[in-house]
Amino acid sequence: MLVTGGVCLLGHGRCPRVRSTPVQKGDARGPNHSYRHRRHGWSDGVIPSAQGREPTSAARAGASGEDLERVAALRRGDETAFVELVRGLHGSMLRLAMVYVSSQAIAEEVVQEAWLGVLRQIHNFEGRSSLKTWILRIAANLAKTRGAQERRSVPFSAVADPGAEAGEPPVAPARFFQHGHRWAGHWAAPPPSWQDVPEERLLAMETTTRIRLAIEALPPSQRAVITLRDVEGWSAPEVCDLLELSEANQRVLLHRARCKVRAAVEGYLEEARVPR
Amino acid sequence: MSVEDVRCQEVVEILTDFLEGAMPPAERIRLEQHLAMCEGCMNYLDQLRTTIHLVGGLDKEAVPPAAVAELLEEFRAWKAP
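Line order of the protein sequences matches chains A and B. Last residue of the first sequence: 276 (our numbering), numbering continuous. Last residue of the second sequence: 81 (our numbering), numbering continuous.
Some hints could be false.
Stretch by stretch, here's where chain B covers chain A in the computed footprint (C-beta under 8 Å, at least three residues) [to be verified]: (1) 135-148; (2) 257-267.
Listed next, with one range per pair, are the computed distances between beta-carbon atoms [to be verified]: (3) B:37 with A:178: 14 to 24 Å; (4) B:50 with A:169: 39 to 49 Å; (5) B:58 with A:84: 15 to 25 Å; (6) A:75 with B:64: 20 to 30 Å; (7) B:28 with A:208: 27 to 37 Å; (8) B:23 with A:189: 40 to 50 Å.
These are calculated hints, taken from the structure and not from any lab test. Heads up, the beta-carbon is just placed ideally off N, CA and C, and yes, glycines get one too.
Chain A with its partners taken away, still in its complex shape (with noise of 0.2 Å):
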């Protein structure tokens, strides 16, 4: 057994989670243990403040001595720490922001906004999650309520698009066999190759376009998912996170956003092939 009275014994010191969780027998052998301490995610030793809080998700990933070297810059009035924090984060807090209030100038109003936060409240950043996550979390909870301001003076705004949220299937059930058929469930008419298509029209201004449009058109959560995993390049535990999802939940908005903004790829290509 290599987990004792709460130290782990492979070498990660003092865990607060081993302490907390009690001991099974025949279910805390080394390797599940040590899955388990991998999870938490903590790296350099540096454990938070945050014994009792379970994780949702796995691999909640807190702060790094990077962050905390960053965060020391920051409160002794480091300029170029700081400048190089709003380089590397700003437009990321700008596109999140746009995915829940109506304009891009009201997305910049609550980035400003959200930087002012940063300053008044970085003495009280503990490490819980990492630095990018705390401050693109204070960005997303000063959008989210501009945006609930917005929707009740300006109704038309919070049209949602109806059932988008719901269980509806990524693919039409035209596209495929209906029941009853020998072939139920398959494709009827399925999906051509894009193999075909000159890169340069996948590449085009157009087809940005469109897929622009189609992440807009997205809710806000799918929009929200999309745009941190694939535009942003967040990780999966990243994203849940900072969003406050579980995995499975982010995977299941991210496949519906990817499905739609695929379609509507689909939808721009066919409009192209016809002859005019």
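Assemble chain B onto chain A, guided by the hints.
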């Protein structure tokens, strides 16, 4: 095992799970076998991959220098109250 065992309509629901490596091994093998034989589903998977690639290529514009300058002013005001 034949292509009929897995329905295409179900396949298109789980391709992100597949791409994310979030499927139980047995299911993954069944899906891989289906994909190897079903051109429609393979095309759909390729299209999703292309979509992800295109979405990842959307422009991520640099922060306007004016915005940085404005924030720097705020930072200076904050550190020297």
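field: Contradicted hints - numbers only
entry: The structure conflicts with hints 1, 4 and 8, although it agrees with all the remaining ones.
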